[in-house]
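*Asks:* Whenever a hint applies, use it, and build me the whole structure from the sequences.
Residue 1 is where the sequence shown starts when you use my numbering, and the numbers rise one by one after that.
It should be emphasised that the hints constitute simulated quantities derived from the structure, not laboratory data.
One should not assume that every hint holds.
Okay, derived cross-link-like pairs now, DSSO-like style, lysine-lysine, Cα gap no bigger than 27 Å in a straight line [said to hold, decoys possible]:
(1) Lys119 to Lys97
(2) Lys364 to Lys318
(3) Lys258 to Lys279
(4) Lys209 to Lys119
Keep in mind the model is a prediction, meaning the values are calculated, not measured.
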Amino acid sequence: MKKKLILFTFATLCLSLLTVSPLKAQSDVEEKAYLALKGIELTEFNRVKLLKSGHEKFEDLFEAIRQAKWFIHLEYFNFRNDSIAGLLYHELAEKVKEGVEVRAMYDAFGNSSNNQPVKRAMHDSICSLGIKLVKFDPIRFPWVNHIIPRDHRKIVVIDGEIAYTGGMNVADYYVNGLEEIGPWRDMHMRIEGPAVNDLHKIFCEMWAKATGEMLVSAKYFPMHRPQGNSTLGVIDRHPKTANKSIRQLYCSMLDNAKHKVLLINPYFVPTHQVRSALKRCIDRGVDVQIMISEKSDIPLTPDASHYVGRQMQKLGAKVHMFRGGFHHTKIMMVDDLFCTVGSSNLDSRSLRCDYEVNTIIFDKEVTAELTKMFEEDVLSSVPMNDAYWKSKTKWKRFVAWFGNLLTPFL
1 MKKKLILFTF ATLCLSLLTV SPLKAQSDVE EKAYLALKGI ELTEFNRVKL
51 LKSGHEKFED LFEAIRQAKW FIHLEYFNFR NDSIAGLLYH ELAEKVKEGV
101 EVRAMYDAFG NSSNNQPVKR AMHDSICSLG IKLVKFDPIR FPWVNHIIPR
151 DHRKIVVIDG EIAYTGGMNV ADYYVNGLEE IGPWRDMHMR IEGPAVNDLH
201 KIFCEMWAKA TGEMLVSAKY FPMHRPQGNS TLGVIDRHPK TANKSIRQLY
251 CSMLDNAKHK VLLINPYFVP THQVRSALKR CIDRGVDVQI MISEKSDIPL
301 TPDASHYVGR QMQKLGAKVH MFRGGFHHTK IMMVDDLFCT VGSSNLDSRS
351 LRCDYEVNTI IFDKEVTAEL TKMFEEDVLS SVPMNDAYWK SKTKWKRFVA
401 WFGNLLTPFL
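*Replies:* This is how it looks when you write it as structure tokens:
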């Protein structure tokens with residue numbers, strides 16, 4: 001079977017070389033061939049709706065929850081104990097009264113690391129509403145062994161018909177921002193079509209791992225009619241079974257780029273493998289543009305990000321320092337043809353340790369929408385250049401250099 005897949009992939013690539021150009025295929029054709037070689041199934045006829053703010057995400061999500069008939073499944077890094085989470089629990093409790101199954105899971109470390117965690121009494125109170133709420137990998141003695149790996153995914157599946165994924169947890173600062181950093185920019189998306197089942201399989205696997213309950217009934221994985229024009233691949237990073245999947249995704253996208261790469265990531269301290277792919281991309285003459293936030297919600301890593309951005313700028317990339325708040329978005333667009341949206345940061349934790357999920361989207365319209373957002377955000381940015389770097393204090397430059405040395409641990 002594997003030999004047949006390789007032969008099919010090779011034949012597809014050769015055909016595309018003949019039909020697209022006498023010299024080389026388009027980057028999206030090569031990327032699809034790479035994914036097929038890796039055994040990643042692509043599904044066609046999906047509909048993707050980009051949700052480019054917390055307001056858009058929660059408004060769309062809550063409306064979909066109100067329409068649910070059979071089940072609602074949620075997997076998040078954390079549910080911050082605030083107004084948005086309270087509204088979510090209320091909506092879920094109302095659906096429980098209607099007989100809808102509600103299962104929700106959050107990461108124990110992710111919960112304890114946010115400044116308004118769900119405490120035991122609150123957890124029990126939510127469960128008393130009929131919501132099956134589970135804490136993934138509860139932190140117990142000796143404690144340190146629960147820090148890595150963490151479940152950093154964000155997945156919601158409703159009735160097997162609608163899925164949500166991206167970079168947002170459940171917190172009101174996605175809507176209101178934070179006083180110290182301003183607006184919180186992030187990206188989520190709503191998916192309808194066969195890719196919903198791929199995301200749901202990931203949730204069901206983690207639910208079984210945490211609870212022992214197997215969700216295998218056909219009602220959880222319905223057949224899908226064509227919904228749209230997007231071809232999607234769901235890239236699941238599992239520390240044991242798919243350890244390098246998202247690293248390899250980013251590298252393959254960069255290696256297949258022909259003309260342009262636009263990238264936004266909040267904690268830009270990529271591993272050596274991804275940095276090398278970026279350098280190869282720049283060396284080929286590809287227009288590589290990277291957007292990094294000036295402000296951040298955590299210490300040290302942002303300084304290291306600025307240092308890495310400076311190194312990329314010296315290699316030939318255009319680096320934009322975003323000043324319109326904190327850009328927590330995790331996206332990359334290639335050649336105006338395809339893009340990725342997901343939960344994975346470009347740091348060692350996401351690429352080497354945690355459970356993550358990204359989608360790769362082959363759709364020119366979706367890619368164009370993200371590209372337009374990038375171009376608009378450039379207007380709220382300043383270029384990383386010699387003058388910008390020298391404007392930092394010597395201490396800040398030292399912290400940035402030192403933080404870069406700790407990249408394997410960030």
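*Asks:* Compare the structure with each hint and give your call.
*Replies:* Results for each hint:
For a cut-off of 27 Å, the pair hint linking Lys119 to Lys97 stands: about 24 Å separates their Cα positions. About 23 Å separates the Cα atoms of Lys364 and Lys318, which keeps this hinted pair within 27 Å; it holds. Straight-line distance between C-alpha atoms of Lys258 and Lys279 comes to about 14 Å, which keeps the hinted pair within the 27 Å bound. For the suggested pair Lys209 and Lys119, the alpha carbons sit about 22 Å apart, so the restraint of at most 27 Å is met.
Violated hints are absent here; each numbered hint is respected by the structure.
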